[in-house]
Amino acid sequence: MALYAVTMWLALLICLPLMLLMKKAMEDRSRNKLPPPGPLKLPLIGNLHQLGQLRHQSLWQLSKQFGPVMLLHLGAIPNVVISSAEAAREVLKVHDLDCCSRPSLDSSRKLSYNYRDMAFSPYGEYWREIRKICVLEVLSVKRIQSYRSIREEEVAMLIHSISESSLSATPVDLSEKLFALTACITFRIAFGTSFRGSDLDNERFQEVVHEAEAMLGSFNAAECFPFVGWIKDKISGRFERLEKIFHELDNCFQQVIDLHLKSEKTKQEREDIVDVLLRVEREQTEYGAARFTKDNIKAVLLNFFLGGVDTGAITMIWAMAELARNPQLMKKAQGEVRKFVGEKGKVTESDTDHLPYLKMIVKETLRLHPPAPLLLARETMTHFKLNGYDIYPKTLLQVNAWAIGRDPQYWKNPEEFSPERFLDSSIDYKGQNFEFLPFGAGRRSCPGISMATSTIELALANLLYCFDWKLPHGMKEEDISMEESVGLSLTTHKKTALNLVPVKLF
1 MALYAVTMWL
11 ALLICLPLML
21 LMKKAMEDRS
31 RNKLPPPGPL
41 KLPLIGNLHQ
51 LGQLRHQSLW
61 QLSKQFGPVM
71 LLHLGAIPNV
81 VISSAEAARE
91 VLKVHDLDCC
101 SRPSLDSSRK
111 LSYNYRDMAF
121 SPYGEYWREI
131 RKICVLEVLS
141 VKRIQSYRSI
151 REEEVAMLIH
161 SISESSLSAT
171 PVDLSEKLFA
181 LTACITFRIA
191 FGTSFRGSDL
201 DNERFQEVVH
211 EAEAMLGSFN
221 AAECFPFVGW
231 IKDKISGRFE
241 RLEKIFHELD
251 NCFQQVIDLH
261 LKSEKTKQER
271 EDIVDVLLRV
281 EREQTEYGAA
291 RFTKDNIKAV
301 LLNFFLGGVD
311 TGAITMIWAM
321 AELARNPQLM
331 KKAQGEVRKF
341 VGEKGKVTES
351 DTDHLPYLKM
361 IVKETLRLHP
371 PAPLLLARET
381 MTHFKLNGYD
391 IYPKTLLQVN
401 AWAIGRDPQY
411 WKNPEEFSPE
421 RFLDSSIDYK
431 GQNFEFLPFG
441 AGRRSCPGIS
451 MATSTIELAL
461 ANLLYCFDWK
471 LPHGMKEEDI
481 SMEESVGLSL
491 TTHKKTALNL
501 VPVKLF
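Numbering (our numbering), first residue to last: 1 to 506.
Keep in mind the hints are simulated off the structure, nothing from the lab.
Keep in mind the model is a prediction, meaning the values are calculated, not measured.
Incorrect hints may have been included.
Have a look at the derived ranges for each label pair, beta carbon to beta carbon [as the list claims (entries may be wrong)]:
{"#": "1", "residue 1": "Ala156", "residue 2": "Leu261", "range": "29 to 37 Å"}
{"#": "2", "residue 1": "Gly474", "residue 2": "Arg128", "range": "50 to 58 Å"}
{"#": "3", "residue 1": "Pro43", "residue 2": "Glu243", "range": "31 to 39 Å"}
{"#": "4", "residue 1": "Glu243", "residue 2": "Lys394", "range": "20 to 28 Å"}
{"#": "5", "residue 1": "Gln409", "residue 2": "Ala497", "range": "30 to 38 Å"}
{"#": "6", "residue 1": "Phe340", "residue 2": "Tyr126", "range": "39 to 47 Å"}
{"#": "7", "residue 1": "Ser168", "residue 2": "Asp479", "range": "16 to 24 Å"}
{"#": "8", "residue 1": "Gly52", "residue 2": "Pro408", "range": "18 to 26 Å"}
{"#": "9", "residue 1": "Ala497", "residue 2": "Asp258", "range": "36 to 44 Å"}
{"#": "10", "residue 1": "Thr348", "residue 2": "Glu129", "range": "31 to 39 Å"}
{"#": "11", "residue 1": "Ala156", "residue 2": "Ser425", "range": "12 to 20 Å"}
{"#": "12", "residue 1": "Glu125", "residue 2": "Ser263", "range": "29 to 37 Å"}
As a list, the in silico DSS-like pairs of lysine-lysine whose alpha-carbon atoms are at most 30 Å apart [what the hints assert, rightly or not]:
{"#": "13", "residue 1": "Lys339", "residue 2": "Lys476"}
{"#": "14", "residue 1": "Lys359", "residue 2": "Lys470"}
{"#": "15", "residue 1": "Lys33", "residue 2": "Lys385"}
{"#": "16", "residue 1": "Lys346", "residue 2": "Lys332"}
{"#": "17", "residue 1": "Lys331", "residue 2": "Lys177"}
Glycine residues also receive a C-beta, built at the ideal position from the N, C-alpha and C atoms.
Assemble the whole structure, with the sequences as input and the hints as a guide.
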């Protein structure tokens, strides 16, 4: 009897969604609705079985068959994937306000967030207020320039550590060193103290930030399968893991805030990000508008670390890998920086404004290897038409920036690394050219573009100026693997570490 009851319940779970989908399909046809094309989906799982380990590449292949506006279902969630510049322009500019929200936090995330993360918050008053604070206070041009000495000092320490390795003519793990560089810069700018001399458990802090990034970008059964996903997440321990990660982050951020509240800085000292956010909270309270709290400060800090560590390091690693595979381009870049800088011994941030070829290298790297190949998903708020197709509220929209950056319709020889393609070109990454979207566009574009590019250009310029770079013994240019990593995070890494032999010149 018990077996019969279980069988009946399973049959109901399978048949009910099918009946609902059939009913919706019949209603759509009767009302002349036109959903975007897409592959046939299976009951319950939808199109999940058609996505490989590298989702952006799987979606790119599917878009070749079903077009640049394509509908898939990931379990119960309708996803519209955008794979052309024209469709991206419609989404990110023409219909920006119609689809600039984020999916509501599911039950597991609500349990875990003591504070809301700005990047993942739905569009509304909270998001607009936090975005304004970030743009005007945290990431303003003046603020970013005030951290110039931090970037230059950390890059100088990077060069010094590589110089010591060059004495033995052994390969250097540039991947490890560049991730350490961006972590140190982000840590100092955010907390006002050196990563190396902080009271925090730095290694554990880094681990927790990476775990948080992985969880935010990982598969969530509770969202895709509302009927049974919660059980799966509970059994797998996802809830407990989320709780542990965000509890640790909360404790770390609270410790930093408490230390800042205890210490008083003189007017001559530079404000770090925590100082800025505490000042914003204090000033709002003084004027009777207590909307910005300690939890909001923690949310901004989380965004700062999620967006500030991996993305810059990933771009520099891909850039050095591409140059190592193309020695003639490496030589050209070194010639430019060494000619301009001369015998100063180092490249300063002001020097990078006079290095156009270096800037072209950064652009070409971001085109071919965008750190976040799929822009963070948007959720539609109203019905609108996209390329003649009906898009309905509560649909997720994902722009495949990786696919658009490799589309032969916009780029000649798109698989080739060719910085010269940007010579005499007005195409930029600031959100106005929709064939080139490494930082997104519209209301949800990345506010930290200037911070990221300042670090990337300064570090690359010094690596090219101070050293010649050779491949490890017995290795050829074509042996350098350019395979992307398979991971659960929001970014895509080079799968294997980049090891090169530095030969010091200055």
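Here is how each hint holds up against the structure:
1. The hinted range of 29 to 37 Å is satisfied by Ala156 and Leu261, whose Cβ atoms lie roughly 32 Å apart.
2. A C-beta distance of roughly 57 Å is found between Gly474 and Arg128, which places it inside the suggested range of 50 to 58 Å.
3. The hint said 31 to 39 Å for the Cβ distance between Pro43 and Glu243, and at roughly 32 Å that hint holds.
4. Remark: the range hint 20 to 28 Å for Glu243 to Lys394 is upheld by a beta-carbon distance near 27 Å.
5. Separated by about 34 Å at the C-beta atoms, Gln409 and Ala497 satisfy the suggested range of 30 to 38 Å.
6. Between Phe340 and Tyr126 the beta carbon distance is about 46 Å. The supplied range of 39 to 47 Å therefore holds.
7. Between Ser168 and Asp479 the beta carbons are some 22 Å apart, a value that agrees with the proposed interval 16 to 24 Å.
8. Here the CB-CB span from Gly52 to Pro408 is close to 22 Å, well matched to the stated 18 to 26 Å.
9. Checked against the given bound of 36 to 44 Å, the beta carbons of Ala497 and Asp258, roughly 37 Å apart, stay inside it.
10. Checked against the hint of 31 to 39 Å, the pair Thr348 and Glu129 passes, with Cβ atoms roughly 36 Å apart.
11. Checked against the hint of 12 to 20 Å, the C-beta distance between Ala156 and Ser425 comes to roughly 33 Å, which is inconsistent with it.
12. Between Glu125 and Ser263 the Cβ separation comes to about 33 Å, which falls inside the hinted range of 29 to 37 Å.
13. Distance hint between Lys339 and Lys476 is fulfilled; the C-alpha atoms sit about 28 Å from each other, no more than 30 Å.
14. Note on Lys359 and Lys470: the hinted pairing holds, with a Cα-Cα distance of about 23 Å set against a maximum of 30 Å.
15. For the given pair, Lys33 sits about 10 Å from Lys385 by alpha-carbon distance, which is consistent with the 30 Å threshold.
16. Among the hinted pairs, Lys346 with Lys332 is consistent with the structure: their alpha-carbon atoms are about 18 Å apart, no more than 30 Å.
17. Distance restraint check for Lys331 and Lys177: the Cα-Cα separation of roughly 22 Å lies within the 30 Å cut-off, and the hinted pair is therefore satisfied.
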